[in-house]
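Protein chains in written order, with our numbering: chain H, 1 to 406; chain E, 407 to 583.
Hint data in this document are derived by calculation from the structure and do not stem from the laboratory.
From a predicted model like this one, the values you see are computed outputs, not experimental measurements.
Hints are not guaranteed to be accurate.
What the hints assert, rightly or not - Short, incomplete list of chain H residues facing chain E, as computed with Cβ under 8 Å:
#: 1; residue: L126
#: 2; residue: A240
#: 3; residue: L244
#: 4; residue: V246
#: 5; residue: A247
#: 6; residue: V249
#: 7; residue: L297
#: 8; residue: S338
#: 9; residue: P350
We put the CB at the ideal spot given by N, CA and C, even for glycine.
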Amino acid sequence: MEPGMEAARQLPVQLLIVLLATGYLAWLGVVTASFTAAVAMDGLGSSAIRRFAGPVARLGRLSLVSAALLEAGAIVLLVLARVRYPAFVQTGGFWAGVLLPLAAGLALLGLFEAQLTQERHPSLRLAAGLTGVGLSVASTWVLVSGAGALLQPEAWPMAEPPWRFLPTWSGTGRFGEWTLLSFAATGVLIAWAGERAGDPAVTRFARRFGGGVTFVGALGWAPAILFSHYNLPDVTLSPALWALAVAGVLLSGLTAGLAASRLGGGAAPRVRPLAVAASALLGILVVSDHVSRERALVPATLAGVFPAPSAPARAAPAAPEAAGKLAAGKAVFDRVCSLCHRFDVRLVGPPFDETVPKYRKDPGALKAFIRDPVKKDPGYPPMPKPAVTEAEIDAVVTYLLEKAAR
Amino acid sequence: MKAPGPTLAAKAGGLAIAGWVAAWLLALGALAAWRGAVPLAPAQPIAFPHVVHAGRLGLQCTFCHVNAPRSPEATVPPLSTCMTCHETIALDRPEVQKLRGYVARGEPVTWTRVHTLPDWVRFTHKRHVRAGVDCSACHGGVAQMARVTRVRPLTMGWCIGCHRTRGAPTDCTTCHV
């Protein structure tokens with residue numbers, strides 16, 4: 001009942017969402033970015049660089065098992081979102097838009113990787129690689145941009161089942177952030193792979209290429225954060241969110257500086273601090289997203305998002321006329337009496353279960369009291385004269401006598 | 407092995423990165439200031455608790471905002487509405503004493519407006535209430551708010567989205583004169 005208690009009960013789910021989202025986005029990011037780099041090297045590089053495309057593609061550790069794990073990760077994320085935010089409309093279009101391109105994209109990337117060792121059909125291989133990257137990225141855009149719709153509950157009724165899903169600008173900004181950070185993290189891995197290539201020319205290339213990708217990815221994140229925050233709905237903004245953005249921009253600057261000094265130069269790269277920094281940046285991205293979601297999705301915001309279902313008929317009708325009178329009486333009670341009275345508890349006035357039964361033998365006295373109240377119990381303030389008609393008094397007395405404790 | 411000191415180029419590069427970061431931090435600060443310029447939940451002269459009246463007591467919105475179903479403006483009720491109950495109830499509460507002070511001095515309470523539309527929008531409460539739009543569709547769960555907060559964007563896209571979903575007219579002149 002208490003919002004705080006509810007949030008505490010949901011804490012494990014929230015932690016799971018943050019951890020799983022970080023892991024999923026980091027892994028998929030490294031897969032897509034490393035394959036993007038491999039496709040570029042394969043298509044544009046010299047023969048030595050082209051041979052390096054294989055080790056770079058393998059950075060994503062793509063296999064049948066890992067592809068299945070990624071697909072399962074996406075499913076679990078969608079299910080967790082359903083558990084944490086039950087009112088959110090997850091249309092079939094959203095599910096299909098996330099899962100189908102991911103499966104197709106990962107399959108094509110696997111095909112590209114398998115064909116890298118062969119010299120046949122280089123243009124087909126390139127096409128498979130490019131399409132695979134495009135589909136994996138498209139799946140993430142649907143996921144992240146659609147998750148942005150969580151921040152706008154008032155728009156949920158517009159996501160008509162079965163197929164329509166709601167893309168958002170704030171989510172698209174987050175998607176851009178993810179793309180840049182994925183490249184930042186993958187650049188570190190490319191430099192690391194280059195050290196083990198055994199060819200000085202490739203090693204030099206990997207240091208410069210990897211360093212450059214990390215540098216640009218990290219520095220490019222700051223404008224992307226600004227874009228996301230510009231597009232976030234008002235209700236999602238909080239001091240914590242701005243603080244996370246500031247921390248992110250500072251850390252991205254530090255990462256870029258590290259990348260420039262450690263990867264770009266001639267020295268052997270020290271990848272560990274950079275890998276930690278890149279993971280931390282992605283963590284900040286996911287936590288920011290979650291913080292804004294939790295800020296936006298409170299009961300006060302969720303109220304009225306969907307038209308309230310019509311109240312089910314209460315009070316089984318004894319006879320049609322009596323039922324009509326009871327319903328009319330209930331309407332009067334709801335509109336007038338319930339401001340100060342309940343049946344079971346003291347509110348402003350006494351509980352009806354205590355007072356009304358005294359009138360069971362003489363309903364006329366109750367009607368007279370309602371018509372012109374007089375102070376009876378010194379423990380309560382005097383009852384003001386209610387603005388009700390004689391017919392309404394008649395109906396409400398019937399209702400009160402029926403409903404009060406016997 | 408002693409590392410050689412940073413070269414001039416490295417120093418310049420570091421400065422350039424620091425400058426880039428500083429520029430975006432400034433931009434972020436400006437964005438934060440701009441987005442926070444209009445508070446979503448402004449402080450009010452009397453801390454009227456909707457969470458008690460609309461929440462715990464379950465009063466209907468229109469019990470106090472009587473004009474919502476019959477006029478363009480929902481209107482804040484006159485203090486006499488408050489006094490029907492607070493002549494006798496909860497006299498010890500500081501906020502109620504503040505209220506009674508206003509009444510005794512014959513001074514109007516200058517509430518701070520939370521939901522504002524631009525002058526070129528002709529919005530009427532009456533039509534929306536009569537069409538069966540719940541107050542919470544635009545105002546959120548006021549009954550759960552200790553202090554009234556704007557939870558909807560009040561943008562044209564948001565209006566149009568709802569009009570489309572409910573099949574309400576989307577002609578320009580529906581809202582713009």
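Cross-check of the supplied hints:
Proximity of H/L126 to chain E is violated relative to the hint, the smallest CB-CB distance being about 35 Å (cut-off 8 Å). Of the supplied interface hints, the one on H/A240 is violated, with its beta-carbon coming no nearer than about 12 Å to a beta-carbon of chain E, more than 8 Å. For H/L244, the suggested interface contact is broken, since its CB lies about 11 Å from the closest CB of chain E, more than 8 Å. Taking 8 Å as the C-beta contact cut-off toward chain E, the hint placing H/V246 at the interface holds, the least distance being around 6 Å.
A least Cβ separation of about 11 Å between H/A247 and chain E goes past the 8 Å threshold, and the interface hint is therefore violated. For the restraint placing H/V249 at the interface with chain E, the shortest Cβ-Cβ distance is roughly 5 Å, inside the 8 Å limit, so the hint holds. Annotation: H/L297 was flagged as interfacial toward chain E, and the flag is violated, the nearest CB pair being 11 Å apart, outside 8 Å. For H/S338, the interface hint holds, since its Cβ comes within 8 Å of a Cβ in chain E; the closest pair sits about 6 Å apart.
Given the 8 Å rule on beta carbons, the hint for H/P350 is violated: about 14 Å separates it from the nearest Cβ of chain E.
Violated hints, listed in ascending order, are 1, 2, 3, 5, 7 and 9; each of the other numbered hints is respected by the structure.
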